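Chains as they are written, first to last, in our numbering: chain A, 1 to 290; chain B, 291 to 974.
Hints were generated in silico from the structure; no laboratory data involved. Hints may contain errors.
[Stated by the list, open to error] 30 angstroms max Cα-Cα, derived BS3-like pairs, lysine-lysine: (1) LYS262/A with LYS165/A; (2) LYS765/B with LYS33/A; (3) LYS33/A with LYS728/B; (4) LYS165/A with LYS33/A; (5) LYS262/A with LYS716/B; (6) LYS119/A with LYS186/A; (7) LYS391/B with LYS716/B; (8) LYS624/B with LYS680/B; (9) LYS624/B with LYS89/A; (10) LYS186/A with LYS262/A; (11) LYS87/A with LYS262/A; (12) LYS165/A with LYS186/A; (13) LYS680/B with LYS87/A; (14) LYS477/B with LYS391/B; (15) LYS33/A with LYS119/A; (16) LYS624/B with LYS87/A; (17) LYS728/B with LYS765/B; (18) LYS87/A with LYS186/A; (19) LYS728/B with LYS716/B; (20) LYS959/B with LYS728/B; (21) LYS680/B with LYS89/A; (22) LYS624/B with LYS186/A.
Just so it is clear, the structure is predicted and the values come from calculations on it, not from any experiment.
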Amino acid sequence: MQIFLQLVASGVAVGMIYAAIAFGYQLTFATSKTLNFGQGEALMLGALFGLTLVPFTGYWLMLPLVLVFGFALGAVVERLGVRPAVKIKSEYGWIMATIALGIIFKNVAENIWGRDDLKFPSPLPEEAITFGGVRVLPMELMIVAGALLMMLAVELFNRRSIWGKAVVATSNDIDAAGLMGINTQKVITLSYSISAMTAAFAGVLVAPVTLTGATMGSVLALKAFAVAIIGGLESGLGVIVGGLILGVAETLTGFYISTGYKDVPGLILLLAVLAVRPVGLFGKAVIKKV
Amino acid sequence: MAQPASAPALARQTAPPVPQAGLGRFVGLLGAVCLVVFLAAFPHVVTSQYYIHLLVVIAIYAILILGLDIVVGYTGQVSLGHAGLFGIGAYAAAVLFLKFKLGLWVGLVAGIGVTAAFGLLLAIPALRVSGPYLAMVTLAFGTIIQIFINEMTDLTNGPLGITLPPARVLDFSLIGMQAPWGAAGRKLEFYYLVCACLLATIVVVNRVVRSPFGRAFEALRDSPIACDCMGVSVYRYKVYAFVISAALAGLAGALFAWSERYVAPNSYGFELTVLFLLAVTMGGRKSRAGPLIGAAIIVMMPNILADISLVRIMAGIIAALAVVVVGLAFLRRKDNRMSLLIPGALCLAFFPATLAMESVTDFRLTVFGLMILFVVYYLPDGIVGFLREKLPFLRPSHTGATQELAASGDALIRQGGRSGADPLLKVERAVMQFGGLKALNEVDLAVRPGTIHGLIGPNGSGKSTMMNVLTGIYKPTAGGVSLATGTDAARRLDGRTPSEIALSGVARTFQNVQLFREMTALENVLVGLHHSFQGTLFDAILGTPRRRREEREARARAMAILDFVGLGSLAQVEARNLPYGKQRLLEIGRALALDPVLLLLDEPAAGLTAPDIAELTAIIRKIRDAGITVILIEHHMDVVMGLCDRVSVLDFGHKIAEGGAREVQSDPKVIEAYLGSPVADAAE
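The shape of chain B in the complex, shown without the other chains:
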């Protein structure tokens, strides 16, 4: 149908160079070592309790923000409820002490557990919505939490709050000993506990986001529909993301309660949520360094704002920078010079404003608001994203380790289809009704195994609707779809979810390419291979041998598939940077990763150049020869005629013809459908 106008232009682009691999991993490791050394040495260099406490708060916020990044950065959902989750964690720890005199350790476990449970609860309404709806749902959730904390006085002490004694991290008196590091060391126990929690969080988050779980999170952000059609349930992985994120928020909350030694309902309001989001965005999403930087900024900011002379100096610097940036934009006649005027003027005006003010503390939130606006428009990828853009060696290495892996196309496809005359896929009297319109009207379809079955018809004839019915995106109003795999009886497909259908062996591509844009070609295929992973979340967190073996095997297989569709050399390129023709092939490769018995191709040749089409038809033939049955929707008649063993023709939701390609082509009814002329005219 609609051919992307920019497709030919894109196809002519040369493939971008494969990024340098290996260095990114090294930078990460170096950063981690620096962080450990810094955290370990800090209290011995800076002995002021005030600064140690400040660092503790930064670390605690960082734990929460690392978790928030899973939801915001990886799954791309806006959560305004994380301050509420933070509060639940804090209160879980504090209430346990208030009611049962249970100390820090039980509090931490309870904080994680209780908050994870609330994360699950929050995920239930959040599952079905996204974008602004989700933002409001989470905002409502946060508000409810605050109200309940305030009102349930019996449990939470209401607005008075709960005061806690100093935390006892290691209780040596239980085994009748003195602490080996003396009284001075005792004060640092809590500091080191928080640092350990922070480092553990970094390791856990790192492992989760690089596991199939992390890939699923990213996939559901880029294209929820494609994610479902790859057998990765959007539903389930949103829950995982929320629960992991909530558990970390709970850990942070419990630590915060013991670090401040006082909890009160008002500390966990909307403004805190906004601060957390500012930290994620400003630091830079999808990284470990970003949340650390973001946490440091939001904790330090109030201190900086409290010092008016410091603010004036900074405002002066900002104003000078604004003058330079705007000036340069005008000198170089940049396109955006007009749009820079307003923020430039605001930055300039800020400086005299600070000179006139005695204190900016009261305008703290205004400053935060301005920072959010600035970050959203001028630094959308945050500080880390900005640095990565400027300094290539900071970019993540993705998956350099498997660069040398390659394989031939042999034994690539596990033949699940079967031969024989009985149809593999059977559609019986399928009806799909949208309001008054029947997009499909009692259509029967029988696809024989091992064939390429064409589905053609003019625009609006119901081809794509059929595709969506077959893959579970639409539930047919009436009629049935069944798939006969192996030797078992045919299984009903209608009424199942897209991901269930995908897992039973039906893979598809999309009319408008639906790749996971920010993931590499290899990672896209790995999402298709998601079904081959048996490892649980704990395997991912602990990095068990099973997890590593599965990852190795999956990567080898993914490389083999990429080679099969001719993309082996582009494995490390992000999908959005691939030329259009290659994106189409990658989509087919990703679908093949599902080990399908039936592959549905929705206009695979749309927008392709002639050489691309030749490559495509060769690949489709190879796929059929490997034993996979193909259903092909296509407008390029030469492709259809050259490939299809059998063709069904749809028109206005009815099947008007079926048979061999040539046979259908000369059918008067088909000619009428396409040319709109009466049968008699066409025959003459």
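Same shape as in the complex, but just chain A:
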């Protein structure tokens, strides 16, 4: 039982990272019905950029800089990869373009930071804290808190600020929002920026507990997509639940079956959910008008 609780506790931390990335998928999907297939690379670049800054700025001052970096990165991805494809109404186009940008980022990162995984200095003590026999790293607590805080911040932004309201309006009906004088093009860029920003932030959160390197993003992004699907691409609560389900499922698989298979349950779950209920557990079925 103790081991089980321990596994659940670690699973929760991993799951919150998935949720944070999945949240980024939701942001762009809502406004433009597109996803950044290079979301994992945004996370990786955020982490590596942060790693480069840490010696100069320390961990805490590095955070806002990484947020700015992520924000700019998202805008670049949207302008180069998504906007032209959306203009020519090519689904294949934006999928391929974001994938292409993703592999370019990965390749460039490999050439700048090397192919080996690097150690990210932890800002918090690395001594585990024990809660009733369950050992938890302070950094894991920070991951959960940080991810929740960030999602909360974005929600507040959407509800309170005028730009956030424009984002919500665009998500509901892009044509109507456009007719109301909202610059939907800018809103889409903004949603990409926020999306990449959350990914970059997730990157610096997760980096101290995992290794940091050019390849760290790919699998994380894929599993975050599984989380987004399980939770439904429209539901904010869904991604948190989905993230927790997946994170725990993974640590359990890793312990009880084999660490080699720990990536499998998420992907199987993804296939299963799509086969049974493509809109996700928390999503609403849309009626298509013909």
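Fit chain B to the supplied structure of chain A, relying on the hints for placement.
Below, chain B without anything else, positioned relative to chain A:
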């Protein structure tokens, strides 16, 4: 309801000229002959083993990419799982050797079979989704495959991989003979085997895509809903496309295992998938030459990139071209001159970058990524598509052979309807609920055979919802729909899939035209005739006499139908190039191809000009006279009044009136529904 704003403008366009037929087929044949001669002669001209091996790899990739094109080019789905399928094929062959010492031939068969089975498995979740979802599903599938190959050490030898001996293609020692072509020839056996597989693949893919299967693939890309409503199950044909594509990937994988003589899990990752997609897009989808060109590019590219001086020369050429293109755009004041600046600057910057670098090998993936971006935005139809646009004789001939076929409208429609007073279609207390809204609230409808039954009502009254309930796109929340064809008892329609309903004799058109845009008018009608084909996939692949006879008959029938709706002379024009009014007529023709007993027309006159409307009403009358019952949703009251034998009026999901056209027109309830004024006011 919503009338397309551009419709009148489109209708005024003249019909585009019918493309020249015949030459395209000739070009294809010439290309095929050149390819055979090239492949046969290559090892005798270039004796270097290195180049022969390079050609083998190109051919193997081409086999896979030809298969990938079926999924990407024809059905329009993005698959990121093909490297995984390739790996399954390779491992199927390699494991059989490792465990049972079974050689090349069994390996090939197993590669095809096992991978096709996995393609089927992949199709199950992939069936219900499309676009980005499908891309992620296939990506997840590919990742799972790689993990399993890595982890199932007992079977696959894990990360160590499997080493294979040289392939033995023909084992003459079994019959106690020496190979007749000596030791030098023996080395080429595998080369010729791969070439034979490539040529066979080209023939198979060619036949499949030109068969009803290929048409179904294209149809489901352009409009899945219309495809289902033509009785062509999107569900089933997506599976076919995936399985065929997977089988070819498996064949390629098995050949690859024996050509490299070593398989390892890391060779079949995401990057390989991206390369395959680059090859399909860059070469040009929906062609045979495209995948060959694409395969050659992705195999040669690493070699070119390894040679820095060559890269510098190419970068110089690219930079010069960029200067010329951007310069010309500015001189001619083209609209896109600003948007060309960024890629132009990037191309320019690339040249000094290559001068500064010692080697670009490390940036191989960046170069591939840039190539993808370039292709997606500036060459979306690939090299072959670009050439086809510039050189008209390269365009596919479509179906020139049946150009002279024509027929009168007689005996066109096989009368399946029946006369009599009993209703043909009966809707009983149909309820359709969306959330809190009842779009249909206990609506009864009875349509007598041989009549034109009008369905009218203000916007939002539930007419289109009724249409969608009748054709199975919506499943009614409650109530029943039944159709009485022939002399049998009425059959229930509710709860069936759109394609089942279509096949039981209910055809429809759509409020917003849903044609298969990239297919010709004739091919659109042929999709409607899909039900008349009995041939299996093997008939299509082998080109059996049955298949050819069916195709001939279907084409003749399709021409007859086109003549019936007045589109005979436009048979070879792609649907997207037809004027709007003709598109509407083509949609009706396509629906007629289903041999319906009941035809549902959803606002057929919307957006049409007066002469178009006159033509349309004449055709609808002809259809009724041929024995087909028609349900007509329409806002043009003169059309409704002139055509309909009986009219039902809907308002807010309720049926508020029914009767003869004149009778309904003067019904106070109907007037109220349309004008929104109280009954008393209207009566005064």
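Against the structure, the hints:
1. Pair hint LYS262/A plus LYS165/A does not hold up; C-alpha atoms about 40 angstroms apart against a cutoff of 30 angstroms.
2. Restraint check for LYS765/B and LYS33/A: the C-alpha separation of about 26 angstroms stays at or below 30 angstroms, so the hint holds.
3. Of the supplied pair hints, the one linking LYS33/A and LYS728/B holds, its CA atoms being roughly 28 angstroms apart against a limit of 30 angstroms.
4. Only pairs whose Cα atoms come within 30 angstroms are accepted, and LYS165/A paired with LYS33/A is accepted, the gap being roughly 18 angstroms.
5. With a C-alpha separation of about 55 angstroms, the suggested pairing of LYS262/A with LYS716/B is violated against the 30 angstroms cut-off.
6. Only pairs whose Cα atoms come within 30 angstroms are accepted, and LYS119/A paired with LYS186/A is rejected, the gap being roughly 37 angstroms.
7. Between LYS391/B and LYS716/B, the direct Cα distance comes to roughly 65 angstroms. Violation of the 30 angstroms bound is thereby established for this hinted pair.
8. At most 30 angstroms may separate the alpha-carbon atoms for a hinted pair to count; LYS624/B and LYS680/B meet this at roughly 19 angstroms.
9. The suggested pairing of LYS624/B with LYS89/A holds, with an alpha-carbon distance near 22 angstroms, which does not exceed 30 angstroms.
10. In summary, the hint linking LYS186/A to LYS262/A is not supported, as the alpha carbons are separated by about 40 angstroms, beyond the 30 angstroms threshold.
11. Proximity of LYS87/A to LYS262/A is assessed by CA-CA distance (about 40 angstroms); at most 30 angstroms being required, the pair is judged violated.
12. For the hint linking LYS165/A to LYS186/A, the alpha-carbon distance of about 13 angstroms falls within 30 angstroms, and the restraint holds.
13. The straight-line distance between the Cα atoms of LYS680/B and LYS87/A is roughly 24 angstroms, inside the 30 angstroms bound, and the hint therefore holds.
14. Between LYS477/B and LYS391/B the alpha-carbon distance is near 21 angstroms, which keeps this suggested pair within the 30 angstroms criterion.
15. At roughly 36 angstroms between alpha-carbon atoms, LYS33/A and LYS119/A are farther apart than 30 angstroms, so this suggested pair is violated.
16. A threshold of 30 angstroms between alpha carbons decides the hint, and for LYS624/B with LYS87/A the separation of about 18 angstroms falls inside it, so the pair holds.
17. Our distance criterion of 30 angstroms between C-alpha atoms is met by LYS728/B and LYS765/B, whose separation comes to about 13 angstroms.
18. Between the alpha carbons of LYS87/A and LYS186/A the distance comes to roughly 14 angstroms, so the proposed pair stays at or under 30 angstroms and holds.
19. Taking the CA atoms of LYS728/B and LYS716/B, the gap is about 20 angstroms. The hint holds against a cut of 30 angstroms.
20. A threshold of 30 angstroms between alpha carbons decides the hint, and for LYS959/B with LYS728/B the separation of about 20 angstroms falls inside it, so the pair holds.
21. Of the supplied pair hints, the one linking LYS680/B and LYS89/A holds, its CA atoms being roughly 23 angstroms apart against a limit of 30 angstroms.
22. At most 30 angstroms may separate the alpha-carbon atoms for a hinted pair to count; LYS624/B and LYS186/A meet this at roughly 25 angstroms.
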